[in-house]
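Protein chains: 2
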Amino acid sequence: MAGKTRVLLIGCGGIGTITALNLEASGQCHVTAVLRSNYEIVKERGFSIDSLDHGKVEGYRPSEIRTTIPDLSKETVAPFDYIIVTTKNIPDVPPHLPSLIAPALTPGHSAILLIQNGLNIHIPFATAFPSVPILSGISRMGANELAPGVILEDDPDRLSVGAFPATEGGDSPPSDAAVAAAKRFVELYAVSGKAVVEYNANVKFERWRKLCYNATWNPVCALTGLDTGRLRLVGEKADPFSPVNLLLRPAMREVLRVARADGAVLAADAEAEEKLVEGVVEAEPLEVFCQPSMLQDAKKRRVWEVENLLGDVVRVAADKGVEVPALSAIYALAKGRMWALKEDMGLINKDEEVRKRNEGIQGR
Amino acid sequence: MAGKTRVLLIGCGGIGTITALNLEASGQCHVTAVLRSNYEIVKERGFSIDSLDHGKVEGYRPSEIRTTIPDLSKETVAPFDYIIVTTKNIPDVPPHLPSLIAPALTPGHSAILLIQNGLNIHIPFATAFPSVPILSGISRMGANELAPGVILEDDPDRLSVGAFPATEGGDSPPSDAAVAAAKRFVELYAVSGKAVVEYNANVKFERWRKLCYNATWNPVCALTGLDTGRLRLVGEKADPFSPVNLLLRPAMREVLRVARADGAVLAADAEAEEKLVEGVVEAEPLEVFCQPSMLQDAKKRRVWEVENLLGDVVRVAADKGVEVPALSAIYALAKGRMWALKEDMGLINKDEEVRKRNEGIQGR
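Chains as they are written, first to last, in our numbering: chain H, 177 to 540; chain P, 177 to 540.
Mixed in with the good hints there might be a few duds.
Note that identical chains are pooled: a pair holds if it fits in a single copy or bridges any two copies.
[To be verified] Straight-line alpha carbon distances no greater than 25 angstroms define the calculated SDA-like cross-link-like pairs of lysine to any residue that follow:
| id | residue 1 | residue 2 |
| --- | --- | --- |
| 1 | Lys451 | Glu535 |
| 2 | Lys526 | Val233 |
| 3 | Lys518 | Glu412 |
| 4 | Lys413 | Pro270 |
| 5 | Lys232 | Asp330 |
| 6 | Lys476 | Asp520 |
| 7 | Lys250 | Glu382 |
| 8 | Lys359 | Glu460 |
| 9 | Lys532 | Ala459 |
| 10 | Lys475 | Lys526 |
| 11 | Lys526 | Val457 |
| 12 | Lys250 | Leu364 |
| 13 | Lys526 | Val456 |
| 14 | Lys264 | Ala342 |
| 15 | Lys526 | Glu412 |
| 16 | Lys386 | Pro300 |
| 17 | Lys413 | Arg533 |
Derived from the structure by calculation, the hints contain no laboratory data.
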């Protein structure tokens, strides 16, 4: 373990586990993984992995597994070079991730890599740790935990890494340290030869590009209960009143408009824009009946990543003065669904909310 | 029974049963009601009714109850003066109602009264029976069948009756016969003294006014799973990103714009419009946690009245060149939800739909 790059991995589901496996396949990384629901079974048997990139792997255990995030002020643990977060990102539901990882962070030494979707996901971390390099990881891997400790990776590991802007300011360039940390990580991730990984300085562009799909297909599928294939089957292809033509395409065009206003020109002209939209509409063949992650969450009655995939886009649009009625509608309905879910989970009490509202009215 | 007005009632749930009760309370009507799921229990015990207008009524049976719509070519039955339809209106799901009632209709004698929501609900009937008076009934009664044969009416019976335009043309005036049939019905309905009933010539205006609520609150509640009180609690009252401010109000303003383009001016100026919208947003107190019918349908996994409450509005908007992005989004998502429901009900087969789509593509 001497000389190895020390990685703390938070979120050891499908993408996290394959990420750990690929890093340790380099022989140059020591991964400490924080496990929750799958800890006992992984401790006993290791992960059972069926991977397009790594083949069938039985009994894989990261170098160290544990149930809690280390507190470096209380444990004798060498500092971590990278803290990788691959959890779902739901800032509107506790716990607050920056607070959770703070005890494991060594400012001046550690970098944080967020392999998560969304636009401004770095801001809570940049606010909490202004001097720490915050890196962006955009994964196009398809990987799921089918049962505790059982991982299927059926879409190959393609990772794009860059550095987020240094401050909340948005368009300020990242620090040299952050760029260096990103490039070093890309080198490490490439050693195994099993994954496709690139350093990409244009984090904002990459994140907007992925939002064309994530801010549209994800919530539309989650709200309707339909996968991408089924949704495309509602109405004839040329029907102006089909969900694809009435909502999905307009919503994608809105994402492109907001991206442009935010400085990310994804399509040079109207023709390129239509081609891009068409590509995102037909991202998967009908027959695959692909279930975006938010639809999977809906079916499992788990919280959706509404704020990072959709809320940020609507807020940036408001900030830049871009009208986004389709995205606004989707966002409003998704917010409503999350309220209902949180009430079911016991996180909201309707009578308490009425009381607060009425007091607010009286207070005016 | 001699000299009594003969009424055939189709749809004997909450609103239908109270309508029958009120008509027969006049002593001047003979109601033949077609019952489905509640036939056996009503035959045995009659309806058990708790009515704000009629008090507690045990064992009420319409003058005649039956399980099928009479076929006047095969049965010796006197012709019906009025055929009243109070079923849910879902033209996208079989059976086709005009075909069902055709055998009970005596052209030149019968009038059809549709006590249903929606805008252009008369068109399938006017197309099938061009010479038959088609009447519009807009009910503001709140009545539900709590269990088979058990009716609670907790919001008083207020009925507005008029005649639909004579033809599909839209703005052509109704026939004299239709106006006379509507006025005669209003007189009959008023005899009991228990209901508030009015003749209202401005059917289009009345229908658009009700759509301000029905095309917005209904699907927004159904799609989120939240009642009107809970939905208003999502986000602060002044939060521009709350579902009410981000979606519900814009959708209501769109209904007003389409109505205006269709010749129904519901609000004279911008100030009146905002007042009307505010009134529809706050139609019920928070604490009532009112569940619009579409939300009730969603919870019971029944088909929603999407096309008549929402689809027609979006189609009229397209026809008149009015942009309705919020309503379009809601409609698209509701259509998707109905596709999912119909698949669950065995009415749609996804592989068959893929085959048809692929053949369509090859055919080009």
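Verification of the hints:
no. : hint            : in the structure
1   : Lys451 / Glu535 : between (52 angstroms within a copy, 23 angstroms between copies)
2   : Lys526 / Val233 : neither (48 angstroms within a copy, 35 angstroms between copies)
3   : Lys518 / Glu412 : between (36 angstroms within a copy, 17 angstroms between copies)
4   : Lys413 / Pro270 : between (42 angstroms within a copy, 23 angstroms between copies)
5   : Lys232 / Asp330 : within (12 angstroms within a copy, 64 angstroms between copies)
6   : Lys476 / Asp520 : both (13 angstroms within a copy, 17 angstroms between copies)
7   : Lys250 / Glu382 : neither (39 angstroms within a copy, 71 angstroms between copies)
8   : Lys359 / Glu460 : neither (31 angstroms within a copy, 58 angstroms between copies)
9   : Lys532 / Ala459 : between (45 angstroms within a copy, 20 angstroms between copies)
10  : Lys475 / Lys526 : both (24 angstroms within a copy, 18 angstroms between copies)
11  : Lys526 / Val457 : between (38 angstroms within a copy, 18 angstroms between copies)
12  : Lys250 / Leu364 : neither (29 angstroms within a copy, 85 angstroms between copies)
13  : Lys526 / Val456 : between (39 angstroms within a copy, 21 angstroms between copies)
14  : Lys264 / Ala342 : within (23 angstroms within a copy, 58 angstroms between copies)
15  : Lys526 / Glu412 : between (42 angstroms within a copy, 14 angstroms between copies)
16  : Lys386 / Pro300 : within (21 angstroms within a copy, 45 angstroms between copies)
17  : Lys413 / Arg533 : between (45 angstroms within a copy, 8 angstroms between copies)
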